[in-house]
Amino acid sequence: MFTLESVSYKDILDIHSMHVEEGKITALIGASGGGKSTVLKLLNKALSPDEGRILYKGRDMDLLDSVAHRRNVIYLNQRPHLFEGTVEENLQKGLDFHNKPRVSKDVLSDMLSYVGLRKQLAAPARQLSGGEVQRLALARVLLLDGDVYLMDEPSSALDDESERFLVETIVDYTRRNNKTLVMVTHSRFYAEHYADIVYTIKDGRVEEVQHER
Amino acid sequence: MNGEVLELSIWQVLLGYVFVLLVLFILKKRAIKREKVVIIATLRMTVQLVLVGFVLTYIIENPHPFFTLGVLALMEGFAIFTVFRKFKDTLTPSLKRVVMISLPSGSLVVLAYFLFVVIQIEPFYDPQYFIPIAGMIIGNSMTGITLGINTMVNRFTDQKEAVMEALHLGATPKAAAHPIINESFDQSIMPTINNMLGMGIIFLPGMMTGQILSGVLPTLAILYQIGVMLGILGGVSLTTYLFLQLGYKTFFNNRAQLIDSNE
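Going line by line, the protein sequences match chains A and B. Heads up, the first sequence stops at 213 in my numbering, and the numbers go up one at a time, no gaps. Heads up, the second sequence stops at 263 in my numbering, and the numbers go up one at a time, no gaps.
These aren't lab readings, by the way, just hints derived from the structure by calculation. Don't take each hint at face value.
[Said to hold, decoys possible] Distance condition first, Cα-Cα at most 30 Å in a straight line; then the derived DSSO-like pairs of lysine-lysine:
1. B:K86 - A:K10
2. B:K88 - B:K29
3. B:K86 - A:K57
4. A:K10 - B:K249
5. A:K105 - B:K249
6. A:K202 - A:K105
7. B:K33 - B:K96
8. A:K10 - A:K105
9. A:K202 - B:K86
10. B:K28 - B:K96
11. B:K96 - A:K119
12. B:K174 - A:K105
13. A:K105 - A:K57
14. B:K88 - A:K100
15. A:K179 - B:K174
16. B:K96 - B:K29
17. A:K202 - A:K179
18. A:K10 - A:K202
19. B:K96 - A:K179
20. B:K160 - B:K28
21. B:K96 - A:K100
22. B:K33 - B:K160
[As the list claims (entries may be wrong)] Ranges of calculated distance between the beta carbons of each label pair, as one might list FRET restraints:
23. B:A73 - A:D50: 40 to 50 Å
24. A:T3 - B:R255: 12 to 22 Å
25. A:D50 - B:K86: 56 to 66 Å
[Stated by the list, open to error] Covered by chain A, per the in silico footprint, the following chain B stretches (three or more residues, Cβ under 8 Å):
26. 59-66
27. 182-188
Small disclaimer: the values here were computed from a predicted structure and weren't measured. C-beta atoms are modelled at their ideal positions from N, C-alpha and C, and glycine is treated no differently.
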């Protein structure tokens, strides 16, 4: 689905070759500051490589419309930003950005339950804790129904038990809906346990590739 | 009001400078180091007004389209230059180009409408009406655009995360910048709106006061003042709207990425 060919970005990333397969879960692991998040941003077209090229479904991403691409290849930041307003307004915001019709409160409440966030839709978003922010942001992107999800440590602000629940939720969603997932994680255990392919990134280069399944 | 105007001699005007001496006395007593700028401001105000008084007298007594349009071009040029100087460290070349387009086009459209449709001056270059009204509309438009630049540049810095998040979620640059554009527009027009709210009760506007002092009936003076105030509102709104609609684009590249969104 994605092919990176001799991609470099500033002095952060220098990847000779990398593949993300459609319908699979790809994990990126490695020490922080190694360039994992930059890979996700390049795939989302939030950044563009200085050299080399990235193919998406065989087409050079540089030629693709950035906004249309991002609506299909959705990036979830490690420290997501919540907009002013309520939980509900934050959930609907993503749909607004996609020019999609808003969904009912029932659908929103179901999505909150799915990601394990026990908050009223009318609750002010600014009152949420770090872990709750991550859950809300996850719910917000899942509502968008993209083909590809790029998740940067989506459970970093959670305790061990909650983290496991959230990772399993993401994996479950990906498998059941036949999505493609690229996930940055600090946990080699989760990567090896759930991912189909694990890339270890160190100092901006691919150090190791493991095919788990 | 009987139409008589009290002539003011130079000696009488000189008596007004006693207030400058008062300010200088207070500054000296409080050890506030502002004497230099007060003196410079006083001198500049005096020299500039004396010069413009002579120039305008000549132009009004010898009306010619070349003079009127020349003064208009000077006003627009000086307004643009003032904006550039105020933001010399923050305006990118592309944002400067947007100022050069939006400030003249917004203010000129409103000015033309006001002069030729509302008050219908004849001939079109009549400097007695053209120049003072142009000055008020261009000056206020410049202030509006200045407030718009200030808010927009600041918000693109302190709300960078919100803009980035919106882009990640698939927003167009326009949608991502929407709250910033709205807030900037609001900040730009609010001083004019507040002015309108207090006008006639809290203060009498300068133009109207000037007309009344010059012997014009207050009932006529207020008609001009209302018209000019509406023109100013239009000028500020249109200029700032154009600036913001074009200006936000300069913060994004052609890949719909926030410029300088580097890690």
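Now the hints, each set against the structure:
no.	hint	result
1	B:K86 - A:K10	34 Å, violated
2	B:K88 - B:K29	35 Å, violated
3	B:K86 - A:K57	49 Å, violated
4	A:K10 - B:K249	25 Å, holds
5	A:K105 - B:K249	35 Å, violated
6	A:K202 - A:K105	44 Å, violated
7	B:K33 - B:K96	34 Å, violated
8	A:K10 - A:K105	44 Å, violated
9	A:K202 - B:K86	46 Å, violated
10	B:K28 - B:K96	40 Å, violated
11	B:K96 - A:K119	47 Å, violated
12	B:K174 - A:K105	27 Å, holds
13	A:K105 - A:K57	35 Å, violated
14	B:K88 - A:K100	42 Å, violated
15	A:K179 - B:K174	29 Å, holds
16	B:K96 - B:K29	43 Å, violated
17	A:K202 - A:K179	27 Å, holds
18	A:K10 - A:K202	15 Å, holds
19	B:K96 - A:K179	45 Å, violated
20	B:K160 - B:K28	45 Å, violated
21	B:K96 - A:K100	36 Å, violated
22	B:K33 - B:K160	38 Å, violated
23	B:A73 - A:D50: 40 to 50 Å	45 Å, holds
24	A:T3 - B:R255: 12 to 22 Å	19 Å, holds
25	A:D50 - B:K86: 56 to 66 Å	35 Å, violated
26	59-66	violated (count 0)
27	182-188	violated (count 0)
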